[in-house]
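Sequence order for the protein chains is Z and V.
For the first sequence, this note's numbering assigns the number 1 to the initial residue and increments by one for each residue that follows.
For the second sequence, this note's numbering assigns the number 1 to the initial residue and increments by one for each residue that follows.
Simulated from the structure, these hints should not be mistaken for laboratory data.
Check the hints yourself; a few may be wrong.
Quick partial rundown of chain Z residues pointing at chain V, CB under 10 Å, derived from the structure [as the list claims (entries may be wrong)]:
#1 ILE15
#2 ILE16
#3 GLY109
#4 ALA125
DEER-style ranges, computed between Cβ atoms [what the hints assert, rightly or not]:
#5 V:ALA117 with Z:THR14: 49 to 59 Å
#6 V:ARG26 with Z:PHE102: 34 to 44 Å
#7 V:ASP118 with Z:ARG21: 23 to 33 Å
Listing some non-contacts, in silico: residues in chain Z with all C-beta distances to chain V over 10 Å [claimed, not checked]:
#8 GLU12
#9 VAL34
#10 GLY44
#11 ALA89
#12 ALA107
#13 ILE119
We treat Cβ as the ideally placed atom computed from N, Cα and C, and that holds for glycine.
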Amino acid sequence: MSHADSDQTYVESTIIMTTVRVVVPFVFTFGLFVMFHGAESAGGGFQGGVIVASAVLLLAFAFGIEPTREWLEGPLVKTTIAVGGATFAFVGLGALAMNGAFLEYEAYGFGSDGVKYGIELVELAIGAIVSGVLISLFFSLASGDFLVVSANNGIEAEPSENAANGSDDAASDSDNGSDDGVDASVGATGGELA
Amino acid sequence: MTTVSTTLAIVLTFSVLAALAAIFLRDVLNAIIAFAAFSFGIAVAWILLAAPDVALTEAAVGAGITTVLFLVTIAKTVRPSGERLLEAVEWRSVAIVVLLVGTLLTTVRSLPAVGSADAPVATSRVTEYYLQNAYPETGVENAVTAVLAAYRGFDTLGEATVVIAAGVAVLLVLRQEAYV
């Protein structure tokens, strides 16, 4: 996974870098606002998490995907996902420990305010999960090593697969082949990926 | 009400046209942009239907993140050769789509009118319970959040688990041990 290979399309642009540098803190804050303020207005953990993830994606587009990935390298994103899931589960289990039902916020004994803060905490946890998963998904897709691997496998596997197929499969193959060459074009795209 | 209906009709027409463009445009980049326009139209439709929570999700996920994920994916592919602007029509697929859409359209007649006061959702006892008790019981002003995080909290925990599981599964399939 060398720089030049996976980051070929990146062109440094002062305008984009400057704009993103100004905009990202606001996007990030807006994402947190949507998470926190989901209780009072439209929004919630899911939407806020997506907005927070998009702030990181903005950085990746402005400063290059590889440098951003290196900047985020380490257990940060993984930990965010895990802590989010664990927080949600423990808020539920904690209520059980306080002699309430699962996720019964009243059981914590803070009254109506406690319910609200419990909900806020759960929204934050959902936001952590969603933003973490989306950020990892983006960098996995963008790095693209897996595509080269699968494309090579496809090319090498195809002839041997056809040879090994019985008459049954061969019939279905020819059936696929008659589909106006759609399969053929997909195969060609896969080949050129490598 | 009529102005909302007219605006809604315009927005939905725009969305349908964008969806058709996404289907028929041959260049994948054009199709992705058309798909983002479709999602944007649907998000505006949700706002017009007074569902801001859903609109925010549609705008952020449909028009935002999904578009970006599509873009980074097609950056790894090559453009189709040839000068044709539109994709060739697969008549067998068209038949299936027409059949499916026709079946779904038969249910439209039994739906209540947009904004109708006696729609089952508006008159249901469950809706009334949530609207009357959500604030006193949870102290949360957004009834949608109250339902999601408090009354249906267990479901939401299940959804969060699904997101984690799906994320872990996809990342494993993509074989990115170096970065998860």
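(request) Return the numbers of the hints above that this structure violates; sort them in rising order. (result) Violated hints (numbers, rising): 1, 2, 3, 6, 7, 9, 10, 11, 13; every other hint is consistent with the structure.
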